[in-house]
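Same order as they appear, the protein sequences are chains D and P. The opening position of the first sequence corresponds to residue 0 in numbering that gives the first Met the number 0, with each subsequent residue numbered one higher. The opening position of the second sequence corresponds to residue 0 in numbering that gives the first Met the number 0, with each subsequent residue numbered one higher.
Wrong hints could be hidden among the right ones.
When the alpha-carbon atoms are kept at most 27 Å apart in a straight line, the in silico DSSO-like pairs for lysine-lysine are as follows [unchecked claim]:
id	chain 1	residue 1	chain 2	residue 2
1	D	294	D	82
2	D	184	D	241
3	D	184	D	294
4	D	87	D	318
5	D	241	P	166
6	D	294	D	83
7	D	331	D	294
8	D	94	P	321
9	P	167	D	331
10	P	167	D	241
11	D	318	D	136
12	P	321	D	82
13	D	136	P	167
14	D	331	D	59
15	D	318	D	280
16	D	136	D	94
17	D	318	D	331
18	D	82	D	331
19	D	136	P	232
20	D	59	D	184
21	D	82	D	94
Keep in mind that the hints were calculated from the coordinates and are not lab data. Quantities reported herein were computed from a predicted structural model and do not represent experimental measurements.
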Amino acid sequence: MSLRSTTMNSKKRLVSGLVVALAALSLAACTSNDSSGDDSTSADATTVAAAGSNDESGDKVVIGFSAPAADHGWMGSITESAKKEAAKYDDVELKVAEGTNDVNVQISQIETFINDGVDAIVLLPFDGAAMTPIALKAMAAGIPVINVDREFDDPNAARVTVLGDNYGMGVSAGAYVCEQADGNKDAVVAEIAGIDSLPLTQDRSRGFADALSECGLDVDARVAAEFTVESGSDVTEQLLQKEPKIDFLWNHDDDQGVGVLAAIDNAGRDEFTMIGGAGSKNAMELIKSGDSVLKATVIYPSTQAADGVKLARLLVQGKSMSDLVEVEVPRKVQLYAPVVTADNVDQFIDSAFES
Amino acid sequence: MSTDDSIRVEKAALETEREPNRALAVLRTSVGRNAGLVVALLVICVVGAITAGDRFTTTDNALTILRLAAIIGVVSVGMTFVIIGGGIDLSVGAIVALSSVWCTTVATQQLAEDVHWLWMVAVALLVGAACGLINGLFIAYGGIVPFIMTLAMLASARGLAEIISDKKTQITHVQGFQDFFTSKFLGIDFQIYLFALVAIVGWILLNRTTFGRRTVAVGGNPEAARLAGINVKRHTVYLYVLIGVCCGIAALMLVARTTTGSSTHGNLYELDAIAAVVIGGTLLTGGRGTIVGTVLGVLIFTTITNIFILNNRSFSEQSLFKGAIIVAAVLLQQRLASRSST
């Protein structure tokens, strides 16, 4: 027992160390990205300008942007926030090749960007591995590729990678469950995952299982939806049928969560605590109201592509990230996955996306 | 039924002779219809050249369009045969996914290390052919309508692909395979040649062989075809095996293009292929159609996609536009057909 607690402590220390490091990074990225409050943006602009004049208009930068179909709120917000961020700069021209879940068409979009000779490409691939060959081709043509969210399988295919912390999301959700279970080793834990074929889903589940095992819990029932409302409601109905009593339920994604909550309502179930993922506005409103089974959500920033656009601009203009000593734009930026509860929801609700 | 048809044909022939408007008569022949599609494609190209300027008219961009067209084009050639033969295949996308997963599984397994990459090719083609065989057997001998049988295959093949791949994307780096399928000759990608080859073989098969004439006969009037001594059931099976093999080829092209096999590959290819075949002038009820029309149909759709990408227009607008084109093309064909029969 004591051994366990010491290992836990050292792990916790490690985790919190990481948290501090990542928080510093994400804060640097986040503050200047916050598109919701006008006053905060202008305040940031002045501080950034003072630090490195990064936001001052420079050479014209043409950025090609491609993302999968906006079939859920988070993905819609990815493209929207990238466009919004690009519009803030008069030296950025964003070419948006929008919304396809056909890798063949997305490859064609990137080919078009290469033909056009854009200065940089910001790419959220439908399937990271499938888009790797064309990203390598773009890099070989001298166009830096900024890989967002779903990683390529070859590190040479991207100059910069902007990632959420999928494993960390799972860890945050699992740690929250452990905290709430408070030593109860018989607690029934259920998990509703997103699209199972994506490495990000596998990472989230791995993080969740790892964190649960720290307090002697494991996932008793697991189903996978497809990030859409409809799929969320379908699989939840089956999950609830299968499990007569649940103590904790982690749902990977707040967009499919709309369907998940509808199915829970229909079944009249409220015996468990639900944790969400991604951090949509309506999820946060439910958490704030306090009368829902949804008590917490784990953030997965939908402003990643907007960060990608900003970094692409810095990269092409030969600027550095002003809050770092390093003169080159980093190879990889990983954002942090904090847990939002009723206690701190006000801090996050303004930057949440509409699902 | 058959006498009815022949009367109609005679009437139509007389009508054509008396046709005051020569242009309309020409449009009714398959050559005329294809000329109409060429004009449509040229109009679309002019729109592309006007809206996107020299970004549209470069050789690189033409190759980009052809590369995009190649994979769906191969599937569409197979689909042309099935639809002319009076059937339909909704399972093509799922078969592409299953073939891609199966052949990458072969490539990633340990024992495959000393097996030649041609083994991958063989597996993809065999998986496609086997799925087609199952479709064909149940449709021809089991009496299940093609729509239902291939719908069932759509579900099952993708399900099996998910099971084999454990829903993961399977990455392959078999050098020989990659080199061959992404090679270039005279600056043009091998995949484009492959599409051309499949289209030419398809054209010869349809227009210059007994197999082609039987396909038209089976689709036009199965009963008459049977009385004429054609083994309609066996021929139906052949047609589905043929489209299965086309799906296998398309899967190989997609694996080479993405270096991956995945159960999500080929999503909605059935709709793209059927749309291309239909605007290419093939009758959905069977008995009439051309490979040239299908190839033009594929090129029209992929060129539109390209122009939308060049102009930063959204995919949703494009889908809306494509739907409108399908309706317009079918309405036009129906008007031409009904005029010729009155």
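Item checked: List of violated hint numbers, smallest to largest -> 1, 6, 7, 15, 19 and 20
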